[in-house]
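Visitor: Here is what each chain is made of, one letter per residue.
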Amino acid sequence: MSDARGEAISVLPAALVMARRLLDAGVVVAAQGGFSARAGRTVVITPGDVDWRTLGAADLSIVDLVSGRSIGPRPTAELELHLAIYRKRKEVGAVVRIDSPYVKTVAAARRPVPPVLEELAQIAGPTVRVAEPALPTTAAGVPAVLKALRGRLAALVASDGGVCLGRNLDEALLCCQVLERGCRTFVEAHFLGGAKRLSRLEAFVMHQYYLRRYSKVWQEQRP
Amino acid sequence: MNDIAAAQKAVLAIALRLADARLTVGTYGNVSARVGDFFVITPSGADRRTLRAEDISVVDFATGKWTGPKPSAERALHLALYRTRSEVGSVIHAHAPDACTVAATQRELPALTAELAQVIGPSVRVAQHAITGTKKLERETLHAIKGRQAALLANHGAVCVGRELEDALHCLEVLERGCRVFIETEFKRAASYVGSEPARAMREHFLRACASR
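Residue numbers (the working numbering), protein chains in the order written: chain A, 1 to 223; chain B, 1 to 213.
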C-alpha cells in the first residue's frame, strides 16, 4: 500500500488542523470516538488515548479501507464504525464522533431531533435519528448507527453522543456545529413551551437543496 | 467609487466579527451597508476565512443587478428593508444561537431588559416561516420589523437594522442577550412553588409514611 500511503500522508496536515478546529469549536471534548478523513483508498484516523491538544502527525494512523490493516499507532477503538461509514457512503470524506454538551444531553434522553431550525434540516438532514445499539462503540453496534445515518449527515448514539459526516473536512465541522446548536435549541425551547418544527417535506427539500446547490456556490466562484 | 471600497471593507470587518463572537455559524448570515444608489453585501455561501473586501458584492438599488460574486440569497430582503425604511443604512442577518432558539418557538420576545426596549423597541416579533429568497419572507419580515430595529425569522434566525453597521451589530448583540434572558426567566418560572396547601399535605403524608414504617 505504498502509493496509498503517500496519498494518506498528504492529508495529514489538514487532518491535524481539523482536530484543532474541532476542539476550538467545542464540538469534540473528550475525543474518545475519534475523527477520520478519507484519502483515496485509505483513511487517516486519530488514536483513542492521545490528548488532541498535543496531537502530531506521528499520532495519526493510516488504515487501508479494504483490508482494515493499519500503519502507525493504534487507532481509536471505534475504527470499525469509521471504516463501515466510508465503505457504505461513497460521498463521505470525513467522520467525527461528536461529544459536545447538548448533543450528549439529547442522546442521553434518546430523543430524535425534529427540524427545529432551517440550518439543521439543510445540513444534518430532515430529522436526526437516535441509533440505539445494544453495545455502543463496538463493532456490533455499527449496523444500528449506519441505519440511523441513512439519508442524513448526522445521527445521535443513545447514551453516548453523535456521529457527524461531511463530504469534506469543513462540512463535517459545520455539521458538528449545527448539530450542537440544533440540540441546544431543541432542549432550551422546552423552557419556552417547545419548538415548532418545519414540515417533513420542507425539511427534506432543504437538505437536498443544500447538498446539490447551496454548498457549491462559493466553490464555483472561487475555485 | 471610494465610498464603495470603504463600505466593502467595513462590511467584511463586521462579517468577521460576527463569526468571532459566535453570533453565526459556518457561511450563514450576511451583512450589508447602503452606499448612495447601491448597497454592498456579503456574497452567497462565502467562506469567511478566505473572503476579501473586493469579494463583497455591489448591488444596484434601481435594477437589483450586481457586480462581483453572487450576493447572498437574502439580498432581496436587504433590498426591501432599504426601500421601505429610508433611515436604515445597514442590515445584518445572523443565526445567533439564543435568537435561533426563540425563533424556533415562534414566540414574540418581550422587552425584558431596558436595553432591548431602548435599542430595538417594545418587543421583537417573529416573522412567519417562509423559504429564503421568496416574496413571502420579505413580506413577513417587513411586517414583523415594523416600528422595530429587529425581527426574528421563524425556525431560522434574526434580522437587525441600524443607521450604520455598528448600530446593526449592537442591535444583534442586544437581541441575543435579550433572548438569553427570556429563555432563562421562563425556565425559572416553570420551577414554581408547590403552594402552601399541597406543601402541608405532602409533609403530613410523609410523616404518616414514616410513622407506619
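Each hint should be verified, as a subset may be incorrect.
Said to hold, decoys possible - Quick list of in silico lysine to any residue cross-link-like pairs, SDA-like style, CA-CA up to 25 Å:
1. 136/B - 212/A
2. 188/B - 190/A
3. 88/A - 68/A
4. 196/A - 65/B
5. 136/B - 208/A
6. 136/B - 205/A
7. 188/B - 193/A
8. 90/A - 69/A
9. 70/B - 209/A
10. 196/A - 185/B
11. 70/B - 196/A
12. 147/A - 190/A
13. 135/B - 112/B
14. 65/B - 209/A
Said to hold, decoys possible - Now the in silico label distances, taken between C-beta atoms and shown as ranges:
15. 66/A - 184/B: 51 to 57 Å
16. 65/B - 143/A: 41 to 47 Å
17. 193/A - 17/B: 28 to 34 Å
18. 69/A - 189/B: 24 to 30 Å
19. 201/A - 173/B: 48 to 54 Å
20. 166/B - 208/A: 54 to 60 Å
21. 209/A - 22/B: 33 to 39 Å
22. 135/B - 13/A: 27 to 33 Å
23. 85/B - 132/A: 31 to 37 Å
24. 113/B - 109/A: 47 to 53 Å
25. 91/A - 136/B: 31 to 37 Å
26. 200/A - 187/B: 26 to 32 Å
27. 209/A - 85/B: 27 to 33 Å
Rather than coming from a laboratory, the hints here were simulated on the basis of the structure. All C-beta atoms, glycine included, are put in the ideal place defined by N, C-alpha and C.
Visitor: Range hint 31 to 37 Å: satisfied by the CB atoms of residue 91/A and residue 136/B?
Guide: Given range 31 to 37 Å: holds, Cβ gap about 33 Å.
Visitor: Using the Cβ atoms, figure out if residue 200/A sits within 26 to 32 Å of residue 187/B.
Guide: holds (29 Å)
Visitor: Under the criterion that the straight-line Cα-Cα distance not exceed 25 Å, is the pair residue 88/A, residue 68/A satisfied?
Guide: holds (14 Å)
Visitor: If you draw a straight line from the CA of residue 136/B to the CA of residue 205/A, is it 25 Å or shorter?
Guide: holds (18 Å)
Visitor: Next pair to validate is residue 188/B with residue 190/A; report whether the Cα-Cα distance is within 25 Å.
Guide: With Cα atoms ~12 Å apart, residue 188/B and residue 190/A stay inside 25 Å; holds.
Visitor: Go ahead and decide if the range 41 to 47 Å is satisfied by the Cβ distance of residue 65/B to residue 143/A.
Guide: violated (53 Å)
Visitor: Holds or violated: are the alpha carbons of residue 136/B and residue 208/A at most 25 Å from each other?
Guide: Distance of about 21 Å is within 25 Å: holds.
Visitor: Between the beta carbons of residue 69/A and residue 189/B, is the distance compatible with 24 to 30 Å?
Guide: violated (59 Å)
Visitor: Just to be careful, I want the Cα atoms of residue 196/A and residue 65/B compared with a cutoff of 25 Å; is the pair within it?
Guide: violated (36 Å)
Visitor: If you check the beta carbons of residue 209/A and residue 22/B, does the distance land in 33 to 39 Å?
Guide: About 26 Å separates the Cβ atoms of residue 209/A and residue 22/B, which means 33 to 39 Å is violated.
Visitor: May I ask you to test the hint 48 to 54 Å on the CB atoms belonging to residue 201/A and residue 173/B?
Guide: violated (35 Å)
Visitor: Could you grab the alpha-carbon distance between residue 147/A and residue 190/A and see if it respects the 25 Å cut-off?
Guide: Judged against 25 Å, a Cα distance of about 28 Å means the pair is violated.
Consistency with the previously given hints fails for numbers 4, 11, 12, 13, 16, 18, 19, 20, 21, 22, 23, 24, ordered from lowest to highest.
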